[in-house]
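> Each chain, written out:
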Amino acid sequence: RKEVEQDPGPFNVPEGATVAFNCTYSNSASQSFFWYRQDCRKEPKLLMSVYSSGNEDGRFTAQLNRASQYISLLIRDSKLSDSATYLCVVNKGRGDMRFGAGTRLTVKP
Amino acid sequence: GAVVSQHPSRVICKSGTSVKIECRSLDFQATTMFWYRQFPKQSLMLMATSNEGSKATYEQGVEKDKFLINHASLTLSTLTVTSAHPEDSSFYICSARALSGMNTEAFFGQGTRLTVV
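So the protein lines, in turn, are chains C and L. Numbering-wise, the numbering used here comes out as the position in the first sequence, counting from 1, plus 182. Numbering-wise, the numbering used here comes out as the position in the second sequence, counting from 1, plus 973.
Take the hints with a grain of salt, since some may be wrong.
Unchecked claim - From chain L, some residues computed to sit far from chain C (all C-beta separations above 12 Å):
id, residue
1, V984
2, I985
3, E995
4, K1028
5, D1038
6, K1039
7, S1046
8, T1048
9, D1061
10, R1070
11, F1080
12, G1082
13, Q1083
14, V1090
What the hints assert, rightly or not - Residues of chain C placed beyond 12 Å of chain L at every Cβ, according to the derived structure:
id, residue
15, Q220
16, K261
17, L262
18, T288
Said to hold, decoys possible - Under the rule of at most 27 Å between Cα atoms (straight-line distance), these lysine-lysine pairs were calculated in the BS3-like manner:
id, chain 1, residue 1, chain 2, residue 2
19, L, K1037, C, K274
20, C, K224, C, K184
21, L, K993, C, K224
22, L, K987, C, K274
23, C, K290, C, K224
24, L, K1028, C, K274
25, C, K224, L, K987
26, L, K1028, C, K261
27, C, K261, L, K987
28, C, K227, C, K184
29, L, K1037, L, K1014
30, L, K993, L, K1037
31, C, K290, L, K1014
32, C, K184, C, K261
33, L, K1039, L, K1014
34, C, K261, L, K1014
35, L, K1037, L, K987
36, L, K1014, C, K224
37, C, K184, L, K987
38, L, K993, L, K1039
39, C, K224, C, K261
40, L, K1014, L, K993
It should be emphasised that the hints constitute simulated quantities derived from the structure, not laboratory data. Since the model is a prediction, treat every value here as computed from it, not as a measurement. Each residue gets a CB set at the ideal place from its N, CA and C atoms; glycine is no exception.
Here chain C stands alone, though its shape is the one from the complex:
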């Protein structure tokens, strides 16, 4: 079983749509969780951290369920510029980050 699993997609949605990505992780001792965004041929960049209480940043909402070892990302009112690959990232500790395979999102006019 992979350490971090994501639905690879692709998700093709129209502008303005709401889209949700899911992620599961296998190591229950994982310490912190993130969503990164990676544009084609570029390095990953932090989108947001994920907390058990849930957190929101503008159109983006992240949720963590430690009991189920499940992480989610919700994007509301999708923009063309949201098109990218979204990586679920789990910190096993001491900065050892493990990445999901990524979910590709394409937002169309």
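Dock chain L against chain C, hints included.
Same frame as chain C, but now just chain L:
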């Protein structure tokens, strides 16, 4: 956020030659740096963990004699791909974690696209 500089961003080399990739943390000290490899349409795969002043820890299946890692200072780690072959062509990215904070995010270099011909 913190800045990690990776160099070169792109390199083409002949089969059998060696290539060195540098990863520098510009505005913070990084006790630990990580090296990843990403093949087209695949996830980033951790190759090795590099700790300043000690030997790197390699992931299973990664040849330590082929991928030489040196982390001589708190701001510099290097990855040398020795005797490169076409199958080593990939996108290599480093990341660094700040000296303080166990759960801080990782900061990534810009990546190096290696093509072996």
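> For each hint, tell me whether it holds in the structure or not.
Against the structure, the hints come out as follows:
1. V984: Holds, because the least Cβ-Cβ distance between L/V984 and chain C comes to about 15 Å, which exceeds 12 Å.
2. I985: holds, 15 Å
3. E995: holds, 15 Å
4. K1028: Nearest chain C Cβ is 16 Å from L/K1028, so the label holds.
5. D1038: Given a closest Cβ separation of 23 Å, the condition holds.
6. K1039: holds, 22 Å
7. S1046: Check passes; 18 Å lies beyond 12 Å.
8. T1048: holds, 16 Å
9. D1061: About 18 Å separates L/D1061 from the closest Cβ of chain C, which puts it past 12 Å; holds.
10. R1070: violated, 3 Å
11. F1080: Non-interface label fails for L/F1080: nearest chain C Cβ at 8 Å, not farther than 12 Å.
12. G1082: Per Cβ check, L/G1082 is inside 12 Å of chain C; nearest 6 Å; violated.
13. Q1083: At roughly 5 Å from the nearest Cβ of chain C, L/Q1083 sits no farther out than 12 Å, so the non-interface label is violated.
14. V1090: holds, 19 Å
15. Q220: Answer for C/Q220: violated, closest chain L Cβ roughly 8 Å.
16. K261: The claim holds: C/K261 sits with its nearest Cβ about 22 Å from chain L, beyond 12 Å.
17. L262: holds, 22 Å
18. T288: holds, 14 Å
19. L/K1037 x C/K274: Measuring from Cα to Cα gives roughly 22 Å; hence the hint holds.
20. C/K224 x C/K184: Between C/K224 and C/K184 the Cα gap is close to 24 Å, so the pair holds against 27 Å.
21. L/K993 x C/K224: Holds, at about 20 Å.
22. L/K987 x C/K274: violated, 37 Å
23. C/K290 x C/K224: holds, 21 Å
24. L/K1028 x C/K274: holds, 20 Å
25. C/K224 x L/K987: Roughly 24 Å between the alpha carbons, so the hint for C/K224 and L/K987 holds.
26. L/K1028 x C/K261: Violated: L/K1028 and C/K261 sit about 45 Å apart, past 27 Å.
27. C/K261 x L/K987: violated, 42 Å
28. C/K227 x C/K184: Answer holds: C/K227 to C/K184 is near 22 Å, not above 27 Å.
29. L/K1037 x L/K1014: Holds: L/K1037 and L/K1014 sit about 25 Å apart, inside 27 Å.
30. L/K993 x L/K1037: holds, 14 Å
31. C/K290 x L/K1014: holds, 21 Å
32. C/K184 x C/K261: violated, 31 Å
33. L/K1039 x L/K1014: holds, 24 Å
34. C/K261 x L/K1014: holds, 23 Å
35. L/K1037 x L/K987: holds, 21 Å
36. L/K1014 x C/K224: holds, 13 Å
37. C/K184 x L/K987: violated, 34 Å
38. L/K993 x L/K1039: holds, 12 Å
39. C/K224 x C/K261: Answer holds: C/K224 to C/K261 is near 20 Å, not above 27 Å.
40. L/K1014 x L/K993: holds, 24 Å
Comparing the model with each earlier hint shows violations of hints 10, 11, 12, 13, 15, 22, 26, 27, 32 and 37; every other hint is respected.
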